[in-house]
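Chemist: Chains U and X, in that order, are what the protein sequence lines are.
292 is the number that the UniProt record's numbering gives to position 292 of the first sequence; each next residue is one higher, with no gaps.
39 is the number that the UniProt record's numbering gives to position 39 of the second sequence; each next residue is one higher, with no gaps.
It should be emphasised that the hints constitute simulated quantities derived from the structure, not laboratory data.
Do not rely on the hints blindly, as some may be mistaken.
Unchecked claim - Listed next, the stretches of chain X that the computed footprint assigns to chain U, with coverage defined by at least 3 CB atoms under 8 angstroms from CB atoms of chain U: (1) 36-47; (2) 73-84; (3) 107-114; (4) 129-137; (5) 153-167; (6) 184-193; (7) 201-208.
Claimed, not checked - Capping the alpha-carbon separation at 20 angstroms, the derived lysine to any residue pairs in SDA-like fashion look like this: (8) K255(U) / E210(X); (9) K124(X) / S43(U); (10) K527(U) / E471(U).
Where is the CB? At the ideal position from N, CA and C, for every residue including glycine.
This is what each chain is made of:
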Amino acid sequence: MDSIQIKKDLQFINELESRLEKDGTFSSWELFSMAYEAEITTSSPTFTGLKALEYLPHVTFLEHQIKAAETAIELMNGRAILADEVGLGKTIEAGLILKEYMVRGLVNNALILVPASLVSQWERELNEKFYIPAVAHRKNYSWDQNVIISSLDTAKRSPNRENILEMEYDFILIDEAHKLKNHKTKNYEFVQSLKKKYCLLLTATPVQNQLIEVFNLISILKPGHLGNYESFLDRYGKDRKNIKQDAYLKQLIQKVMIRNTRKATALNQTKRNIETVWIEFSNEEMEVYKELEATTQNFSTFSKITYLRELCSSREACFLSLKKSIEEYGDNPIVQNIMEKIGRLPHHAKAKRVVDIMKEVGDEKVIIFTEYRASQLYLQWYLQQHGFKSVPFRGGFKRSKKDWMKQLFKDHVQVLIATEAGGEGINLQFCNHLINYDLPWNPMRVEQRIGRIHRYGQEKDVQIYNFAIKETMEEHIMTLLYEKINLFEQVIGNLDDILADLNINSMESEIEKIYAESNSIGEVKIKLDNLTSIIEHSLGEQEAERYGNH
Amino acid sequence: MAITNLNQFLHDYFTNHHCQILTNQDGVLQIQLTEEMDRAIMNRPFYWHYIKKIGRDGEPMTLTLITNPEKREAEKGEWIHFGSPRLQQLIRHLKENERYTKLFQQVTTTKNTALYPWLVTNLKVSYRGKHKKDEIISIGLQLVTGNMKLEMMNHLKTLPLQATISDYCYTISPMIKIQSGFKRIESVILNYIENQTHEWAQDSLKTLNEELKTLRHFYQDEEHSEQMNKEMEAIKERYSPIISIETINGGIFYLLN
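In isolation and in its complexed conformation, chain U is listed as follows (with noise of 0.2 angstroms):
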């Protein structure tokens, strides 16, 4: 009993008193009852459950999401780590955690750290969806606003950086907390020493490569939980399959981490119908590619690869290309011989397949994503020639002009032309047709494109085509790497640990030095055989032992 504070009212009965004494205003019993009922309502008479449900009856809060909430409030004691995968709902987690703590008069001041292109988003969401009265942090804002929402880049720089560690958050909120991976960068030592109460990280992939950033995501909310850095290095090495081996931290870090997989939940009621869709070129377009594929000239083999994987995409994308490497190498005539012939290609023979897709979906909404700019550009010509309306979106948009081309799409036009750095962070559930116009060759990407539609709040089956040309190189990724490990069926949530096991850094140049280093297609083939065995090996043995809460 002597180690609890108590606070006393000191105020009141003084106020009472000089009210009485100079027979001040008094309320009317109707209204001073109304006051204790409204007290009672808003009153917390639990110290556990969720309060903010009450206070939310618009929202329908999936078992999964209500789980993690008083997961991260009851058992974390508010600061924990939001690992679900892509389009479970995190940002509806948080949003829940927030409002119950302010429901319970816990937190008053907030701080919410999302990337620039979330902003308004995360805006929107706060107050749309929980009555949260977020605001957005723009220049010549003060930092002492309730619930103040930045891009962590903005926060850092100064004089922003000195004004808010000056504050006092009583909660902090991270997104796309990955990037606070390594403990020697600036943002890591920013946010270390922000002044926090509680604490919410969120990240699709907490552990993407090693065992230490783990360890550095951890130290934020919990420094010494883990051990400390060098006792740390000590004992488990950089290697993070000691996670696995190691069940004292895998306990330990389940102690600060939810992590929910579509398999574990309700989210499965809708299917991805995929559909690989076998695309033949032309004869034209199969000389040129040949052609291509021959040349020993001039090029070297990593640029080659990505002549031939434009051609794939669109003529554009290739020819430009192409007239780039004149400027820098200076003229050559195998290479204008190439591009002369491009020039005379008809049509790409994908870009008429997505005018017979559209024509078959009737007025339902389509996104389209490709590797490529030109190819982009060319689609929405070509799509505008066949009387299809189209918006561009791609991840160097301002972020109004996301918000707008997102609201042109949802409201206006049928389609959204994305390029790959698009792929993050936009929410499109009310689209359910996707087409992956070319195949990126790291799978992650292909999970966050369908990720966008596939989500929390998606009603319909969401129905995915994957374009793929016979005899090139897509043939190989599609059979060899997709279709093998059955990507587009099963989310691969696990994959990334795997690559990591693996020592896979990127897929993607995993793949382009398999074809660099070959001397023949079917070398290429055996080898990318042989890469998608291990990797479906490694899927097999993880089914077992699932590393998160489920």
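Given chain U's structure and the hints, the job is docking chain X onto it.
Modeler: What follows is chain X alone, placed relative to chain U:
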């Protein structure tokens, strides 16, 4: 005594603030605000400033509040539920403005009748450690005999109360000053708190100590002591058990006994 019927609550709130109810049907309530209420809740100070400056009366707005979820698409208006910003605003308004009262029991009599003074306080006791809960206690203290009553609001609800004293009634002067009356109530509450076991606090302290220990292990070198102190403060802030006693509202009630 929590709010259960939102429509009734809103109706009572606005009629008690002298606003006219235009219609009230099927959970759709239409209210003509008074100038005072418009200024209090509609957040348009510039309008009122401007209108007064040009010497006009101004037009208070009308509000349509929908409590029936089935009507929220069909009608134009604000959907009110427990989390809606409007309800939160009204509740805040109530809590800020209805803290003090002085009331008399209504008596119909032709004989001289004495009314006894009661100090009534509605208290919110909050227990905060790892987690938080609130307990609401309503206590009345008769200021002549020192008699104390719990659940005082429930008792008062059964009596007719008004702001002025009824004819033929007179008030008895208190023997106990209200300041010392308040102290008596406070000591009863403190005693009540003292007699609880407070597992929640022990639990919090245990976590507090564990986390401090963990933290010291992390920062073994001297050079990070500033960072460590900051983290320690945060841990203490988060887990130190604290009980606060706040007065929601209260006042003097003159009752027959």
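Chemist: State the violated hints by number, sorted upward, taking the hints as numbered earlier in the document.
Modeler: Hints 1 and 3 are the ones this structure does not satisfy, whereas the remaining hints hold.
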